[in-house]
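Below, each chain spelled out in residue letters.
Protein chains: 2
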Amino acid sequence: MTTKLAIASDHAGYALKAELVCELRQAGHEVLDLGPDNEDRVDYPDFGFKLAEAIASGAAECGIVICGSGIGISIAANRHPAVRAALCTSGLMARLARQHNDANVLALGSRIIGIEVARDCVAEFLATPFEGGRHAGRVAKLGTILKDASA
Amino acid sequence: MTTKLAIASDHAGYALKAELVCELRQAGHEVLDLGPDNEDRVDYPDFGFKLAEAIASGAAECGIVICGSGIGISIAANRHPAVRAALCTSGLMARLARQHNDANVLALGSRIIGIEVARDCVAEFLATPFEGGRHAGRVAKLGTILKDASA
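Protein sequence lines, in the order shown, are assigned to chains A and B.
As numbered in this note's numbering, residues 1307 to 1457 make up the first sequence, in order.
As numbered in this note's numbering, residues 1307 to 1457 make up the second sequence, in order.
Simulated from the structure, these hints should not be mistaken for lab results.
Hints are not guaranteed to be accurate.
Pairs count within a copy or across copies, as identical chains cannot be separated in the list.
Said to hold, decoys possible - Here are the computed lysine to aspartate or glutamate pairs in the EDC-like style, where the Cα-Cα straight-line distance is at most 20 Å:
#1 1447 to 1325
#2 1447 to 1352
#3 1447 to 1346
All of these numbers come straight from a predicted model, not from anything done at the bench.
Here chain A stands alone, though its shape is the one from the complex (with noise of 0.2 Å):
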């Protein structure tokens, strides 16, 4: 099955990025690749933003962040109701994170996993199916904000 997916990165992500970004498309995932195109420094919080957009919108119907811990960029992702980005160091944490908490964006820390260990992870993100049941309604109480940092 193809997914279209969105991919973003910080400096420190971009390598992996640019590594899943062609496996993801040799297996014929069509991927949008949201940047950055270098490994000059940017700021976190711009791509988390941006890929959350591309969830938001749909233009992606799930997606990849990668920074060098996981930490910042997931949590960026993390500010859009419409996300549930799981920052995962293990195959099992990202199947866990679709069974349960039908997550729908995978984050990773390129200075904290290795490659055999991220492409464990994508793989069980992308094939594990959310669960449902009782984890439904938990699922549905993630799509709130507690404030609106605007007011």
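Starting from the known structure of chain A, arrange chain B on it as the hints suggest.
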């Protein structure tokens, strides 16, 4: 140095929460335990949101959230722009979360890491200062949200 911190979990995180509350109080920290008080099934978003409100209101300086994988409750906490919740599976990640992201909430997966790793994450989270500098502008950008869910 003692810290005023809030802690919350779901049923899967209850036992680890109880252990950490005990240890943190013995270490002299002021701990605001936001529940739950037993292992009956609850919804992690309710407790993630409760923790976020405690941070936003200033009732606590920082916090810890725990669910089975740490994923769901970290997404919930990060819905609030005042929260920077870092899901960590190692002390290294907790250190980086403080140094680079000025994380004010530590998220743990009680079914992912063992008690010693959890203790290491908490110790690094409480002991490590924010580096500031080039990281400060990025952290400031995390104080925004992308969409008012009530709109």
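Hint by hint, here is what the structure shows:
no. : hint         : result
1   : 1447 to 1325 : neither (35 Å within a copy, 28 Å between copies)
2   : 1447 to 1352 : between (26 Å within a copy, 8 Å between copies)
3   : 1447 to 1346 : between (38 Å within a copy, 19 Å between copies)
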